[in-house]
Amino acid sequence: MFALLSSTITVYGAWSEWVKYNNLKLEVQQMFLTMMTHGGPQIVTNDPDYMPYVYADAVFRLNERHPLP
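In the numbering used here, each number is its position in the sequence shown, counted from 1, plus 408.
Just so you know, these hints were derived from the structure itself, not from any lab.
For glycine and all other residues, C-beta sits at the position ideal for the given N, C-alpha and C.
Among the hints, a few may not be true.
[To be verified] Cβ-Cβ distance ranges computed for the label pairs, FRET-style:
#, residue 1, residue 2, range
1, Tyr-458, Ser-414, 47 to 53 angstroms
2, Pro-456, Ser-415, 19 to 25 angstroms
3, Asn-454, Ser-415, 55 to 61 angstroms
4, Val-467, Ala-422, 37 to 43 angstroms
Turn these sequences into a full structure, and let the hints steer you where they fit.
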């Protein structure tokens, strides 16, 4: 009887985690698609330490919106 109860609790926990993971995956996908339709957040800085990252982000977004043939 204890083994059945333990197995049931384990299976319920595993399915619960799977459902949570899939819901989170869909939310992230929805946020990503919304961001891409709006061109994403625009990152701006005057700090020279962060300028390469801002430039790289802009280049990546340009390639994502207009992929090369």
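*Going through the earlier hints one by one, which of them does the structure break, listed in rising order?*
2
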